[in-house]
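Let chain B serve as the given structure and place chains A, F and D on it in line with the hints.
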Amino acid sequence: MPQPSTRQRDMITIAWLFLGFPLLLIGLFVFFPIGYSLFISFFDWNLVTNQRTFIGLANYTRLFSDSLFWKSTGNTILYTIGVVPIQTFLALFLAFVMNQKIRGRSFFRAAFYIPAITSSVVTSTLFIALFSKQGLINQLFGLENDWLTNPNTAMLTIMANNIWTTSGYFMVSFLAGLQSIPNSLYEAARIDGASTWQQFWKITVPMVRPVTYFVLVLGLIGCFQVFDQIFIMSAGGPVNSTTTLSYYVYVNGFKYFKLGYAAAAAIVLAVLIFSANQVQNRYFKPEVD
Amino acid sequence: MSKLTTCWRYVLVLSIVFTFSGCQSTDTKLTRLSGWSSNPVEEKLVAGVLADFHREKPAVNFKYEPIPGNYTEKIQLMLGTHTAPDVFYLRGETAPSYMRFNVLEPLNQYAADTTFRIDDFYPALLKSFQKGDTLYGVPKDFNPYVLFYNKAMFGEAGLTHPPQNWKELEAFSRRMTKDTNGDGKPDQYGLVLEPTIEMIMAFVYQNGGDFQKEDGTLGILDKNFLDALEYYVRLYRTGAATIPSDLSAKWNGECFGTKKCAMVISSGWLIPELRTNYNDVDWGVAELPVGRQKATIVFTNAYAMPKESIHKKDGWQIIDYLTSQDGLKSVVKQGLALPPRRSVAQNLGLYNDPVKRVFLQSAEFARTFQTTLPERWYEEASVALQMIYFDNKTPREAMEALNRQIESGILQ
Amino acid sequence: MKRLQFQKFIFYAVLLLMTTVYIGPFIYQFFISISQSKDVFGDPVKLLQPPNWTFQNYANVWVDLPFKQWLFNSLFITLVQTIMNVFFSALAGFVFARLTFPGRKFLFGLLISSLTVPVIILLVPKFIFMNNLRLVNTYAGLILPNLITITNIFLMKQFFETIPKDLEEAALIDGCSYFRIFWQIFLPVSTPALAAVAIYTFQGSWNEFLWPVTLAITSDKFTLPVGVGFLKNQFQSDWPLLMAGTLLITLPTLCIFLVFQRYFVQGVAASGGKE
Amino acid sequence: MATVEIRNLVKQYPGAAKAAIPNANLTIDDQSFVVLVGPSGCGKSTLLRMIAGLEEISGGELLIDGQRMNDLSPKDRDIAMVFQNYALYPHMSVYENMAFGLKLRKFSKAEIDNRVRAAADILDMKELLDRKPKAMSGGQRQRVAIGRAIVREPKVFLFDEPLSNLDAKLRVQMRVEIKRLHQRLKATMVYVTHDQVEAMTMGDKIVVLKAGVIQQADSPMNLYNNPANLFVAGFIGSPSMNFGRGTLVAQDKTLRFVNSALDFQIPASLADTLVGQVGKEIIFGFRPESIYDICFPSGKTLTEPQRITIDVTEPIGSETFLYFSLQDQVCCMRTLSDSQYQPNQTIDVGFDTERLYFFDPQTEQRIG
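These protein sequence lines map, in sequence, to chains B, A, F and D.
Each residue of the first sequence is one higher than the one before, counting from 1 in the UniProt record's numbering.
Each residue of the second sequence is one higher than the one before, counting from 1 in the UniProt record's numbering.
Each residue of the third sequence is one higher than the one before, counting from 1 in the UniProt record's numbering.
Each residue of the fourth sequence is one higher than the one before, counting from 1 in the UniProt record's numbering.
The shape of chain B in the complex, shown without the other chains:
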């Protein structure tokens, strides 16, 4: 190994100098917390009294015997399975529509994107109004359901909220992918006699696979972490039918002040996301050409 020259040394110094503050922040607020979370999860740690006792894996064993924990895990998975495919398909569909030659394209694109840039507090409040017993949805469809206080529909409503807000966001990702598909491919397909619908399935869908993968990964991570909407729209209720893992962590940490227990639940959530990602990598990752 040759000694690095002066210039190389300079570069190394500068690199670390530039990275210093950013890395410090990331270290303090990302990497340190990850490790610290694991540490905390071995303690019975009450925030209010600031007492902590080492209890080993007791938080985890308690967690696994808590029926609410299992219910929130189930809810989280249900939520993800419900939201991700629909939001991905809808996003792709919207992008496909936006990629056609239509008048006022930027207007429509903006229209679909607005829910995505709107604060979750706003969209959630809006959904409470829309789906309340006398709200617009019931009025329009002649229903009498109180969506958010009915344990059977509360989760559905929150899922609808998420699909509504994120599909526009992912539409833009897809749009970028679509625009990189050469037009000649569609032209060739048209000459071969493919209908618009066939073009969508036979050209668009396979060509945007890398983007689809990316959207699936991001969607999955996002759904597993859903919090804001739950916090505002249902606070986990009714009958815990909308308690997700993130919300479960929050409630245990900042309502019951069981920090160690909350950290343990968060670790489990992280492991869950990590495994789901591994599965995705294994079975859905497009081959790189």
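No wet-lab data here; the hints were simulated from the structure.
All values reported here derive from a predicted model rather than from experimental measurement.
By construction, the Cβ of each residue, glycine as well, lies at the ideal position given by its N, Cα and C atoms.
The reader is advised that the hints may include incorrect statements.
Said to hold, decoys possible - Reference listing, derived: stretches of chain A covered by chain F, where coverage requires no fewer than 3 residues with Cβ under 8 Å from a Cβ of chain F:
hint, stretch
1, 55 to 67
2, 184 to 190
Unchecked claim - Chain A side only, calculated, beta carbon under 10 Å to chain B, not exhaustive:
hint, residue
3, N70
4, T72
5, S97
6, F390
7, Q405
8, S408
Okay, now just chains A, F and D, sitting in the frame of chain B:
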């Protein structure tokens, strides 16, 4: 280009300076007083009383900081993060956990002052903020559950007095439950009950039961508890009473105000609603019907100081004033709160008021509903009640499930 | 020909339907916010009648609530975070795109892999950490954790990699230090990317909920989303007021989005295109 | 002005099995115009960038004016460089682009202005000074890039394929301009190109590189006439030299080159040097212009006639190239444009005996 660069640099430096300078949290010279802010009217009211206090004791520098939303959690969070206000409202229901965490300043010494006259307070209220003999909060107001009844409906049904006991309650309610338009569903109910543990507990106490017994063990599978619960649920299941959501209402006060029912169990907060939104209702109040014994639930709040506070002297001056005769008088005069001091109620002649008298008398046999369980018990209890009301489980099944959940260690 | 026209008709019908689904709720929100009556539910047609309109709700939001304070907090926090975030992520992106040093690949890989770590796992430790620094319920506590975002570093790195190496070398020969190359060459050249990152960060900071709702305890430290989120509990029946408040929160991001739509889309595209 | 000396210079990329430049030695005289030429990947740019200080020097020494430069940063080497992609700062005007390096060196405003205007004058682009690079053509941008180098008045100018992004016509024009600039500034210039025509037309001295090794460094005509090895012979000249493999045979006290297509006597002047190779395989090379149709007088001494069949004719106006095969090797022959050759026509040709090249097939070195 150079202009852009300069501009950038300027903004950047400024923002760095701002971040690290403008972030000092709270002025430590002020004595901070916090409560929840339920509505702007109440906030103005408190501000008015505090202005009086300021005129009287200008030496005390204080600031009123109401806390919106999730008050209980926020205050615990503040206690845990050393940012708690020097004086804050303490809910009777949550007092045990604070007392258990040992984060409150004992007030016995301060209250021992003879001019303060601690013995003037209703004992039931004081008891809510005591652990053993140690007092951790001075009651500021209270609100017991009483029975509101619609005089017109009672007259129509030929009833001359409000129900005195459980039997009458059920019978009266049945009599006033009727289907006026003949669609097979009643349009007027005798009684609307809320499926909440607090309301149920009033009946449990009347039946001599308890949620958590003196020794800390659960009492929810005891006969006294289950009998009361079964009575309560039976009223609903047999159609003698209903619950607000079945009438598309948010709470039972709304049902009462819209004349969909003849009786509700409620408290002081219903009165302003009736006066402003439903002023065509001719109503009266009575003490709750009696079971084996007289009992009701009282909601009471107190002023407390954190152990960590550095302004305890000033803090006590504020508490002292706000709970003094004068302080309470002005609160009571302006609003609807009931004074926790017997003398204030007497001096203001509240015992002569047909409505207020009922509330004040209820304070004599009222109890604050408290447990020493970790907070999550409440969610679990709600889930158990949901099982009864929405999943058709029997009260016993639901209570057994709740018992399991609590005993399993998650809540310990 | 007929078939084609029919197809076109269906296409536009679908488009219109989708548009209604996506922006209809906001229009509903607007009409509630200008309703005179607090009783906004029921027949939606009555919301559309001009005699029932009033802008008083907006005035009430401004006067009766601590809206000004929350607006200031939101603006202050968002602006500081945006400016610093743009600067630091550009700086770090520059290093990862342009400087070689041992461990670069590993470090970058580490940063990228941390993107899958759920935010909630960081919440408890971050809170304890802030509590130990006595920064709970302070601006510093609200601002510090979001001064740098790993996605932004990634975006800036991606962009900087497209800048020809020649430019950097020409500057080296001209006598620039690395900082000067970054400051006087790379930053000015990267306006589109910086704009995308800035808008992106602005939107994220402005809408951030979990951290401020955990860390801000008293009303004077609330950001707009947190404040309005709590209003929901307090003014449950005053829908016009609530809707006016939520609409006001939406306005800044909406304006920025409409003006800088191009950059916005670029940002999303850049983050989604490659991984 | 300065000389540049390269002594045993080595470039070893970390992790690479072979050194990119194993050992280079070169002296660039003061005020000379040296062109580094070679196919892509031959290390010519690496060498230039090592002079500039943009690449680490792994071994050996680089001296400018006798001073060791190895560890100095680019800005301290007093060099200027013109890049292939111009590398103009897109956010600065032409004036700012040119002034930037001077500003960094803390020149006075007046001095900067003087120099920029003088350079603009030389390059005839005064009216462009306020423009942004985006608003200019490729040729104009290249001019600015050169101007940026000029204002610095450096000891050495470095050019890294500066013309390869221009179209053919502009390239010729700029070639002349750079040449003129060199004569005017009398500066030391090092120029990298992959285009041997550019190298031939511009350089005082051409350095041919292959795989990091300097094959030959000489004046253009020497390089053309006396290539040191097979590579240089093939690389310099357009169309390039034709090659054929064969055997040297001794016959009647003379030497003959023989293969399946050719059989001719080696002139006496070469016979002495080649006598040692008798019986061995050898590579024969001839340039397109040193092969003649024996039907027309050429004024040269030619070898015995050899019969060839024309495959393709390629008239380019000023002359016509004939292509034919020798042992499956396509060869090229230059003829006058008025000659009337047809494909498949068979003609007899002779090689100019003065311009025969022979190479050792193993070492690829020229042996005669």
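Non-conforming hints, listed in increasing numerical order: 2
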